[in-house]
Amino acid sequence: MSTSILNQTRQELLGFFGLDETITQASGTRLTTASGRQLIDFAAQFGAVPFGYQPASIISAAKQFLDSEQPTFVQPLVNPIAETLAQRLIELAPGDMTRATLTTSGAETVEAAIKLVRAATNRTLILGTDSGFHGKTQGAVGVTGDPQYREPFHVDASDFAHVPYGDLPALAAKLETRQIAAFFVETVQGEAGMRTPPAQYLLKAQELCRQYGTLFVVDEIQTGLGRTGSLFSATAEGLSPDVLLLAKALGGGLVPIGACLYGERAWNRDFDRFHSSTFGINGFSAAIATAVLDQLTADNGRMLTAVADLGAYLRNALERLVERYPNVFRGVDGRGLMQGLSLRNWPGDRLYTFSLASSLGALVPIVCGYLKARHGVHCLPALNAGNVLRIQPSLIVTRAEIDILIEGLTTAAELIDHGRQHRLILEANDFPPQAPGFRPSMPPPAPATSKRRGRCLGRFAFLLHPTSEDGVNGDSILAPLELAEEEKDFMQKWLRRFTEWAKPNLEAGVTYHARKVFNADGDYVEGWLIGSLLQPKDFMRLSLAKRKKLLQNYVNAASELNIDFLGLGAYTSVISNAGVDIVNDAFHTTTGNSLTAMVGVEGLTSACLERGKPLAKRQTGVIGAYGSVGRLASLRLGKLCERLVLLGNAANRNAMQQLSWVAGEIYRNALLSLQAQEPSGIAKPLSALVPNREQIEQLLSLGEDEEGLTKLFQAIEALAAEANRPPPLTIASELESWLPRLEAILSATSNGSAFIDPSSLHPSAVICDCAQPPDIQRHTVTQRPDIRVVEGGLVNLPDSGYRFGHQNLDDMPDGVTYSCLAETIVLTMTGKRRDYSIGKRPPLADAEEVLRHALALGFKPAGAQRIKRAG
Amino acid sequence: MSLDDIIDMVSQAVAAVLDTDPQSLDRERPFHELGIDSVLAVGLSAEFEDTLGVVLDPEIAFEHDTVNKVSHYLHTLVNP
Ligand SMILES: Cc1ncc(COP(=O)(O)O)c(C=O)c1O
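In order, the protein sequences belong to chains A and B.
If you read the first sequence in the UniProt record's numbering, its first letter stands for residue 1, the second for the next number, and so on.
If you read the second sequence in the UniProt record's numbering, its first letter stands for residue 1, the second for the next number, and so on.
In isolation and in its complexed conformation, chain A is listed as follows (with noise of 0.2 Å):
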């Protein structure tokens, strides 16, 4: 199909879910593709189509009116079907209606609105709801409350203040500044999901406005004219607004009008005078609207009745769908024949990628693309509510058509219910289903039901994301949904495709609810894995407003879980300053810096020892010794090591002096631990350079602020230099020079990737990779089988058979995680209530309590464990 000249990106949107169709003709409820394949419409123009494509008495209405010469525009004159719609309006509308302004759209009417109130007030400020749409032009926009069709936009919406639909309180406190002209309120929030209010509230919050010399205004664009089984939902509230709004079906599915009813209350001069537009007041489109009004009204309103009994019967099968499936449908909303149905975020036991389709809005979507294809039924989303699938046929569907919608909904639901959401999205696309009676051979992972009756210590969220591609889409990823292989390249494709339309969004969004983790006494947490579907690559290209737009959507995703701990996994921590940018009073934070590196220095020394040369022995380096992870372990190695040398990145101007940083508060402490007399590691080389107990006071004198600890270093390699001794420490940052020197290496940098040539090692090197991704190269075990390789970042949970889904972060083996994950959990379940981990220069003592901490509740360095990632 040719890309859309109207709208690019949402074609492409639709096609990612299978919904991209040329629709060629039109007749009743149904609509017919390019491909003449027949669709039953459960959308109808989202309540614009009232009557089905070509209603025979709207035809006739048009053809008439086309043989009459009657007259289409002659304003300012009178034009008398205008004037007799109007009149027919506002004797129908509830509330004492006395004039309209006729208009070619919802927004327009909304438009209209906005200036006869301000003008009939002397008041500027404008009321909606959070929830509330009431179209997309410069005005209306402001009305709408999500932001985000303001904000690409440049729209000020100073003058329009929103409350939480439902909320009298929180109207009252606005109204009683006197200052709101208005309150535009929806009977039932049509984008929102259908979303109907509590009992009395519209009545309540009318009465409020009359108390505040506020004007009352109900949007009955979408609810009005016989969709919820009544002509004007507000009569059936029993309201009387001030001013009432229509558009959508009252063009009868045929033609673009819209009508804005009012009384006295709001009716001024300087509006009739100022407010015009040319096709406002058009005869051809008066005559289809009265129509429309002839037909819902005939014999008594017999279509308002069987529109309430059709909604009755819709509603009663929808709520049977929500009983029989309680964990694939979250309920149902509505009236008559608009119809919200709420599903529940898919669970990421399978794939990560389906949980955070539930986010980003792509749920119903998929629904949407399977119902379509498999069952002929057309149905769509609404527009500000993800996960809700709106159900808003023309007036004239019949209960056989319902039944095929609610089928259709049936075999989804089975779908989702089994853990098989992918089929949704292979079906959408033609795939074939799969014979009746298949049996998945894995059953989907069954909730942690585990007997173990512990206590629950805590809650945390970690924050992560793909490493790779592979991380989305990759075989192992794969797996559990035995694919057949076309189907398979069919999901990583779509997986790719929907990966980098979703990307520019920058939305985060819970990728795993992990109900139980457990230490090793069986007390457990609770915890969820926030992902976004960004890999470093993209996190590198960010613009600093995008990287904290970014950081706010994880942290938002975060903050409705009401945890304890947040910790950062992998880029998360490098874009905020090392969390320094997230850290806020609603919960603790930590980047798991700590365990991470205590942890690669206990793979490391363990390693040494098994190889038969301890650490202590062995000539040492650091690379990326000034990152937050190197410097910490550096200080801790310091106190392991009598020979370490600190490399950093030539190219970085600063590696130098922050090395130097680093290498004064190693040689501060080992200073500390002479004082103590409990020298160990660079202390003992260090005793022979400052023998008495005056020269370690007056060094410790320089001070542990940056200066004192150049100072620190510097007087130390001059003290070495005079004994002609080599120093204990050295700094430096020609990598090639010291690689083939060094017997034991920690490496920490965020490279992004591998940078270390295994042929120059050293022979019978131990080395210990911190980094993600790893900064060695994939082939050195094959190529040095004399190298030892340790993974420094991992760690063995207390529970060795727990996954994080099957995912399991990056596909890791059972029972073992990321430390900076492990982390989080320690300090959860140790009940700590402050960050961790945090900037540049955490404190080691910290670290060195964060390691005890996790020891002591059965975490181990899982270090050799994963050789076979590094690369």
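These are computed hints drawn from the structure, not numbers from a lab.
Just so you know, not all the hints are guaranteed correct.
Label-pair distances were calculated between CB atoms; the ranges are [said to hold, decoys possible]:
1. B:Asp21 with A:Arg320: 53 to 61 Å
2. B:Asp21 with A:Leu66: 50 to 58 Å
3. B:Ser24 with A:Val580: 25 to 33 Å
4. B:Ser24 with A:Pro843: 37 to 45 Å
5. B:Thr20 with A:Trp267: 48 to 56 Å
6. A:Arg497 with B:Ser24: 33 to 41 Å
7. B:Asp21 with A:Trp267: 41 to 49 Å
8. A:Val583 with B:Asp21: 26 to 34 Å
9. B:Ser24 with A:Glu319: 56 to 64 Å
10. B:Thr20 with A:Asn505: 21 to 29 Å
All C-beta atoms in this analysis are idealised placements derived from N, C-alpha and C, irrespective of residue type, glycine included.
Got chain A sorted already, so can you dock chain B with the ligand onto it with the hints?
Chain B with the ligand in isolation, oriented as in the chain A frame:
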């Protein structure tokens, strides 16, 4: 690509990550003073690679740390 084109391209890339207007960038000011951190610098290098179709050291924005410096360097690279 002419030096002017490269300076334009570099200014736009730098301005984009800083969310500022390319015209108002100080081309002589070191990147870190403009607010470019190491992650953004590596991202810039990747951006230049894509635009120019060359392979670059991820650290070039550290080594050539102003718009003018990095533009001159890239210019010599694409017009040897
Ligand atoms: C309640 C309500 N008001 C206003 C509008 C805006 O109407 P239009 O799309 O014709 O501008 C809509 C459209 O969905 C609506 O549902």
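Results of checking the hints against the structure:
Range check, B:Asp21 to A:Arg320: about 59 Å between beta-carbon atoms, so the 53 to 61 Å window is met. Range check, B:Asp21 to A:Leu66: about 55 Å between beta-carbon atoms, so the 50 to 58 Å window is met. Remark: the range hint 25 to 33 Å for B:Ser24 to A:Val580 is upheld by a beta-carbon distance near 27 Å. Separation of B:Ser24 from A:Pro843 is about 41 Å and conforms to the stated range, judged on CB atoms against 37 to 45 Å.
Taken as a hint, the range 48 to 56 Å holds for the pair B:Thr20 and A:Trp267, whose Cβ atoms sit roughly 49 Å apart. For A:Arg497 and B:Ser24, the Cβ-Cβ distance of about 37 Å falls inside the hinted range of 33 to 41 Å, so the restraint holds. A beta carbon spacing of about 48 Å between B:Asp21 and A:Trp267 agrees with the range 41 to 49 Å that was offered as a hint. Restraint check, A:Val583 to B:Asp21: a C-beta distance of roughly 31 Å satisfies the suggested window 26 to 34 Å.
Taking 56 to 64 Å as the suggested C-beta distance range, the pair B:Ser24 and A:Glu319 conforms, at roughly 60 Å. Distance hint check for B:Thr20 and A:Asn505: the Cβ-Cβ separation is about 23 Å, which falls inside the suggested range of 21 to 29 Å.
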